[in-house]
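Got chain A; can you put chain B on it based on the hints?
Here is what each chain is made of, one letter per residue.
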Amino acid sequence: MTDLKESAEPVLRVTDLTKHFKVGRRRSQQTVRALDSVSLELGTGQTIALVGESGCGKSTFARTVTRLYRPTSGTISVRGHEIADLSDRDVRSIRPHIQMIFQNPATSLDPRLPVLDSILEPLRNFPELTPRDRRRQRAQELCELVGLPPSVLTSYPRQLSGGQRQRIAIARALALAPAVIVADEPTASLDVSTQAQIVNLMLALQRSTDVSYLFITHNLALARHLSHRVAVMYLGRIVEFTDAAELFEHPMHPYSVALLSRWVNTATTELFAAGPADASQQAQARRPIVLRGEVPSPASPPSGCHFRTRCPIAAEICGTEYPPLRELKPGHQIACHFPGKFAASGTGS
Amino acid sequence: MGHDMAVAGGPFLQVRGLSVRHRPTGRRVVQDVDLAVAPGGSLGLVGESGSGKSITCLAMVGLQPPSMDVTGSVSIGGTDTVGLPERQLNDLRARTARVVFQDPWASLNPALRIGAQLTESVRLARPMSMKQARGVAVEMLTRVGIAEPELRLRSYPRQLSGGILQRVVIAMALVAQPRLVICDEPTTALDATTEVQVLELLRELSREYEFALILTTHDLGIAAEYTDRLAVLYQGKVVERGDTIGCLRTPHHPYTLALTAALPGASSAAPREDLPALASGARRPAGQAGCSFAPRCAFVHEHCLQAAPPLIPVEGTADRAAACWLPAIPAVAGTTKAGSQ
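If you're matching them up, the sequences are chains A and B in order. Quick note: to get my numbering, add 17 to the position in the first sequence (first position is 1). Quick note: to get my numbering, add 80 to the position in the second sequence (first position is 1).
Pulled out of the complex, with its shape left as it was, chain A reads as follows:
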């Protein structure tokens, strides 16, 4: 699946986006480098998944790119509008272009507002986009679009199931017909079957409206299913960025390889497959790679390559130089001094 329809101008272009947080009081103040020089371009109707563990900066990226946070440096352009430097007051003007869906629909909807008002809110905020007498109709259309009966408009969030609430959150995000929707773990709080419904809905909406998604997730299988390209993040930086299929078939960064060993393992490519495979090969391929230690604190990342403290193939150079993200094959970027070395020996392929 590489039906990349590259349009001339990406709807979202992010260049060297950096977000640092200052934590602590004066004397013990530390800088948390939550996001460090992240660049990407998102085309119309495309989906990029950002994957990584907690603390890797994927949520910070989501919140910075939607300007819920003010970037420390870097540029963000949505539909040609430069939004990185907008003042807090002007930032409102970008909402018709870029919207966000959060992980927990129970907390992203106002419990005291009927669903109708939640959906009308963005329409009312931009009265010039939808005439007053069209808004109610638009709310009903949106409901239909996300597969809910118009009767839910009079309900309150607490009367709806988690899946229904997430559909409302999606309807609300779509209200102003944005070019980009940033979805931060939109299915993490849902059951498998509900997750499948929301995934199908997101895919259908993309087909019908050509909306682009930035999809934030820790679930690799989901990233593979939903996205065209995948960016693997570790401690605030992208360590590997390529087509979804390419990443899952030929991961080259040791961190991606380790993460994927878990995916191949449990996504059960071979487990659910009928028919016997070579038993010994299967057993070997099935072992997840256990990385030692845990993700270091982004307040004091290791010198050189941030991953080196957990990397099975770290060498001396890794402690002194951060490997830049470079394109090794067309469309396959990777930040590693020894790209592909671990993949070859580690998975026995």
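For the record, the hints were derived by calculation from the structure and aren't laboratory data. We treat Cβ as the ideally placed atom computed from N, Cα and C, and that holds for glycine. Some clues are possibly wrong.
Simulated restraints, written as ranges between beta carbons of each label pair [stated by the list, open to error]:
hint, chain 1, residue 1, chain 2, residue 2, range
1, B, D183, A, P347, 44 to 52 Å
2, A, E145, B, A369, 35 to 43 Å
3, A, K346, B, S235, 41 to 49 Å
4, A, P347, B, P190, 36 to 44 Å
Residues from chain A shown here face chain B by an in silico Cβ test under 7 Å; the list is partial [what the hints assert, rightly or not]:
hint, residue
5, E70
6, S71
7, V216
8, A238
9, L239
10, H242
11, V307
Part of the chain B face toward chain A, derived, beta carbon under 8 Å [unchecked claim]:
hint, residue
12, A118
13, S129
14, R238
15, S241
16, A269
17, T274
18, V276
19, Q277
20, A338
21, L343
22, P351
23, D354
24, S360
Showing chain B alone in chain A's frame:
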């Protein structure tokens, strides 16, 4: 996985006809559940939220909320725990059957140092001096892969990360030398690479110390990798059970099938195509006849609405069973993944 499931005179845990009723509403949240785990064996309990997997675990060791009534029989190493006096239950939970919960932060007392909590756990199980207990604690912390155990004993829970804390909780369970460890979603609160570390550790330890393991999870992948027996729960009932790989490879209950088919990666759906999603169905009103899965089932027929199917042995298997009237699920597109992509 199966070979070290020593056959030693029957299961260590035997659950028969376990039902849990919510007294105020009269709703039966667990219904007639039968389970068995061999000494050193492992059982996965899977199902959606609300399927009753957690409450089943809690009820086995008498930890159900006070508003719940438990009936049936649960034999743990020969002791029937249903209706057992609290004092004896406490004893059982301290020595024989330990529970590891989902959230390590909630399982530890935030006001006490790790050391105090670990040594308490040791001494509740086996009477010994404080000094000896500390020794046992240090040894076990080392075993679960915690660096500088002496230092960690002086830490408070808030000073440690989730992965380390869950190791501490596991260590706390294992110092008692239990014969059964019940893990209720032990890694749901953890990150991907930490999750692998903790699950691998659990597997190693269960072999080394030969305890029986119950693992509840909503992640079929985890069940597939880390358990040898499986029970799929739906609305408080076991709808399918058998060897884990068999159940997931060739499901005989439409619910098991739907769960595997809806899972990205396990599903036969190609990337960016629709996943075969299970319709969200209404819960059937209590007392209504028929199969409780019928409102969501793709293969429902008349008989399903008249009588609830019992667990029926699956033909051609040693001990698999599924609560479905269909002898086999009709072959449809999107059932199992045909080879790798």
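- Message: Interface hint check: V307(A), Cβ to nearest Cβ on chain B, cutoff 7 Å. Holds or violated?
- Response: OK, holds: V307(A) within 7 Å of chain B, min 5 Å.
- R238(B) as chain A interface residue, shortest Cβ-Cβ below 8 Å: violated, 15 Å
- Message: The hint says 35 to 43 Å between E145(A) and A369(B); measuring C-beta to C-beta, is that right?
- Response: Distance hint for E145(A), A369(B) is violated at roughly 58 Å.
- Please verify that hint: A118(B), Cβ, nearest Cβ of chain A, below 8 Å or not. violated, 22 Å
- Message: Restraint: T274(B) near chain A, CB-CB cut 8 Å. Satisfied or not?
- Response: holds, 6 Å
- Task: Return holds or violated for the Cβ distance of D183(B) and P347(A) against the range 44 to 52 Å.
- Result: With a Cβ separation near 45 Å, D183(B) and P347(A) satisfy 44 to 52 Å, so the hint holds.
- Query: Is the shortest C-beta separation between V276(B) and chain A less than 8 Å?
  - Reply: Hint on V276(B): holds, closest Cβ of chain A at ~5 Å, below 8 Å.
- Can the hint on L239(A) be confirmed by a CB-to-CB distance to chain B that is less than 7 Å? Holds. Min distance 5 Å.
- Item | Evaluation of the interface hint that places S71(A) against chain B, nearest CB under 7 Å | Because about 5 Å separates S71(A) from the closest Cβ in chain B, which is inside the 7 Å limit, the hint holds.
- Identify whether the interface hint at E70(A) stands, where standing means a beta carbon of chain B within less than 7 Å of its own. At about 4 Å, which falls below the 7 Å cut-off, the nearest Cβ of chain B leaves the hint on E70(A) intact, so it holds.
- With a cut-off of 7 Å on the beta carbons, see whether H242(A) makes it to chain B. With a minimum Cβ separation of about 4 Å from chain B (threshold 7 Å), the hint on H242(A) holds.
- Take the C-beta atom of P347(A) and the C-beta atom of P190(B), compute their distance, and say whether it sits inside 36 to 44 Å. Violated, at about 52 Å.
Hint check: violations occur at hints 2, 4, 12, 14 and 16; the rest are consistent with the structure.
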